[in-house]
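Colleague: Each chain, letter by letter, is given below.
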Amino acid sequence: MRRPIAVAWVAVAGALATIGGARVLASPLRAPVEIWGVSAADRVEIDGAPITPKGAGARSFVGDPVAMDAPVLRELAEGPHEITVEREGCEPRRFTVEVHGTLKRSIVLSEPDPEGCAIPLAPPRSDSK
Amino acid sequence: MRLLPLLALATAVAACGPTQRPRAGGERHAKTIVEPPVPPGHVAAMGPLVLESVDVVRHEVGWDLDFVHATRVVAYDVVVAQRGAACLGAKIAGATRDGRGCEGFGTFPPECDAGPPMRARFEVTVKYAIDVAQRCAGETQAYPVRDAHDARAELTAGGMACFRNRNKLRPEASWTSVYALTELSIGEQLSSVTSDAPWLLAQLLEGAQPTFCRDDGAYLSGRPGAAAGEAPAAADQAALARGLLARVAAGATGSSVPLTAGGWKTEHDLWEACNAPQARGDLVAQERCQLLRQLDRFLTDVETAARPETPRGLGAPPVEPTASASKEAPCPSATTSASSGRLCAEPPGGKP
Chain C
1 MRRPIAVAWV
11 AVAGALATIG
21 GARVLASPLR
31 APVEIWGVSA
41 ADRVEIDGAP
51 ITPKGAGARS
61 FVGDPVAMDA
71 PVLRELAEGP
81 HEITVEREGC
91 EPRRFTVEVH
101 GTLKRSIVLS
111 EPDPEGCAIP
121 LAPPRSDSK
Chain E
1001 MRLLPLLALA
1011 TAVAACGPTQ
1021 RPRAGGERHA
1031 KTIVEPPVPP
1041 GHVAAMGPLV
1051 LESVDVVRHE
1061 VGWDLDFVHA
1071 TRVVAYDVVV
1081 AQRGAACLGA
1091 KIAGATRDGR
1101 GCEGFGTFPP
1111 ECDAGPPMRA
1121 RFEVTVKYAI
1131 DVAQRCAGET
1141 QAYPVRDAHD
1151 ARAELTAGGM
1161 ACFRNRNKLR
1171 PEASWTSVYA
1181 LTELSIGEQL
1191 SSVTSDAPWL
1201 LAQLLEGAQP
1211 TFCRDDGAYL
1221 SGRPGAAAGE
1231 APAAADQAAL
1241 ARGLLARVAA
1251 GATGSSVPLT
1261 AGGWKTEHDL
1271 WEACNAPQAR
1281 GDLVAQERCQ
1291 LLRQLDRFLT
1301 DVETAARPET
1311 PRGLGAPPVE
1321 PTASASKEAP
1331 CPSATTSASS
1341 GRLCAEPPGG
1351 KP
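So the sequences go chain by chain: C and E. Residue 21 in our numbering sits at position 21 of the first sequence, and the numbers go up by one each step. Every position in the second sequence, counted from 1, becomes a number in our numbering once 1000 is added.
Please keep in mind that the hints were generated in silico from the structure rather than gathered at the bench. As the structure is a prediction and not an experimental result, all values here were calculated from the model. Heads up, some of the hints might be wrong.
Pair by pair, the computed Cβ-Cβ distance ranges are [stated by the list, open to error]:
no., chain 1, residue 1, chain 2, residue 2, range
1, C, Asp127, E, Ala1246, 32 to 38 Å
2, E, Gly1187, C, Arg30, 26 to 32 Å
3, E, Gly1041, C, Ala41, 47 to 53 Å
4, E, Leu1088, C, Ser126, 25 to 31 Å
5, E, Pro1109, C, Asp113, 30 to 36 Å
6, C, Glu115, E, Arg1293, 35 to 41 Å
Glycine is no exception: its CB is placed at the ideal position from the N, C-alpha and C atoms.
Isolated chain E, as found in the complex (with noise of 0.2 Å):
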């Protein structure tokens, strides 16, 4: 009786907590996959693993350290396709055994009943490193960048002393903006490819040799076909990455968009380069892009601090916008180099 109250005041506590309700989604692998029935005085045969399909199913990109490092996720859908047989017979001649030691047949002999295929999905997550350099258009050092956290101070720094610099005692309607006199190198390279199955998929995209089981060992269906442990080596992750990109729909993910290839342009053209048609329609080159308008934003902001401070001129008063402006135009004022963001480039006469 003296426990009832406690009993009571737990059964309370646990209604109060934190409900235990099924997450979205269930566990991973909940769901299995039915081998064909083996009648009496057969056995049972598998066929060779099928790439059935690849598809881009999630894009992501973001800056790891800002206007420094990003990253750019690709996740992909591998749908694999395996037949299972009932073969006439105690023992079928003629199977053979993939890398992995699973046995099976390429082709089946005419004594096995094939059933229909089964499937089975595979997430591969491909990640890519995009890394940002700038430097003052010409000078050979980008802007150094010390603090592994914030990247703001020490960028702005260099782009204000590269504005001031360049335009120092110029008439202010000649001033280079600082899209024209930033120069940035962008480079991409692969990160990582995580899948469950690296060795299969690798082994299916090169599609040399029939293979009838996954890295752990098992057939498609979950059954295993060879003791378990470690698979082969896997082929190395960018001829996993490549043939992944290969297999998707053309068009999808070929731009280059807005990467320097080692060299270095100017933020100003790698800005055209984004709002070209071509480059518009490409996801990949869109999400790049992404990056490299919030990179122009951060500039505006540089180029408005550094105007104050930097010496004017003497020259002519200062010009009007006008809306026939063109990318050659000079940059007359802050207002016009922000708000239109993209008119102000080299002056007529170039850089001092």
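Isolated chain C, as found in the complex (with noise of 0.2 Å):
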């Protein structure tokens, strides 16, 4: 009796050996993205998930700037990333960013224009107008 008990717990062991080896050699490069121009008062989200920017403590890129005094810094997984930034008054803005390597990738919001962010994309061409 006391084999087969033993083999299937070898059996188990295995497989558990398995999925954790599989899982670390899927598991991807990871970068750190931060993002420079924000305020606690903006909505940023990455992928789709809510971040709230650091108010105190963040500063502009300037000089040599440290990760660690971004708004937003965020460790994401290689691949596109799809970001939204919304400002009060503003039009909100959607782009993607492509991470790779293991080195921080930086992103600098301008300060919006009030006027001019707040201009609609063009829209579409309506044939039935």
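Two chains, two frames, a set of hints: combine them into the complex.
Modeller: Pasting the structure below:
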């Protein structure tokens, strides 16, 4: 009776090890992505997940900026990620960032022009008009 | 009745699933532009599209392959305006057609009553590819990079060999730092220009002919002005990127630091260029310099690894680092090199 149990135990352990190994092998590279130029009043989403930008301690992208000073700092897996930024009085902005390698990637958003940022994108061609 | 439990289960599953809340920002092109009304006895007419403003809204930089290939992205907002008019009569003479086949007036005739300008925004994304090559100072060949996924091992091997070969059997106090021994070639090329209306933007930036329609043959409001279909070929991407760059506020993107214009410069010299006040105030230069700073930290690791493997020669005891050390000062130890980072350069006697 002991032998079948031992065999089963080895099989389960082997399966777990295989799953664990596969997870290690499949774990993608990750790299920090920092977003500068946003404030705590702005709404930021990365891949649909809301993020509150850092207020106190956040700085602007000047000199030799330290990642920890960025209003938004997230570690993202390799590949494309969709970022949405909503600022008061402005049209929301959505863009894709491609993450590669292991070193930090910096995104610097300009100070919004209060008039220009509220102008909508050109509407689609409307053949029914 | 039998279906009731299934229905309840389906409802519960739906309630537990991912919620479909509206995405921030809604769909693209969600808003419409309303053209001025046309009273009875009048016809609608359109004036030329006018480029109102070009603003940089986003910069981005990062490596695609660490220390070898990087991408720099500049996103622009381009605001375009167009006036519609109501013109008295059934047909107004003097209209012209643009390259897309749309009809309009460069200047409205007196029988037209122009409305307020309509405005819409176009987003343009310009990508630049940054290529970095490293070599041992004075050599002709760059360090080879064959691994398309991770260049660290090959670059580390090249940097360590360079440090060892140039410093071996010399007194440690006179060793040349890896920052001074590593020469870089940094080039930047336009990679792509992405926009919904490249033909229109090229027309407006050139400012040659009056243009009445967008690439899709519609006026700014979306009302068709010509048959749908492909727009004429836009000007080349480089011209479009240059045109946008020329329109943005001066001083935002003029720096070429730390590019090497096809030549080679030591990492140390490029670092100095990045730390010049002019470069520190220029966003584009700072973005490129961020790549250089990441490379600099990598070189610090290379030197730290190479020092124990480098045969020391006989000579004067190591010089203690001083606060007044200049960039010409020798590199007394790995600690000094790594911590100061910038003070170790060519020894007074030059390279061996």
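Colleague: Hint by hint, note whether the structure agrees.
Modeller: Evaluation of the provided hints:
1. Asp127/C / Ala1246/E: 32 to 38 Å: holds (36 Å)
2. Gly1187/E / Arg30/C: 26 to 32 Å: The hint (26 to 32 Å, Cβ to Cβ) holds, given that Gly1187/E and Arg30/C are roughly 28 Å apart.
3. Gly1041/E / Ala41/C: 47 to 53 Å: holds (51 Å)
4. Leu1088/E / Ser126/C: 25 to 31 Å: holds (26 Å)
5. Pro1109/E / Asp113/C: 30 to 36 Å: Check passed, 34 Å falls within 30 to 36 Å.
6. Glu115/C / Arg1293/E: 35 to 41 Å: holds (36 Å)
In terms of the numbered hints stated before, the structure departs from none.
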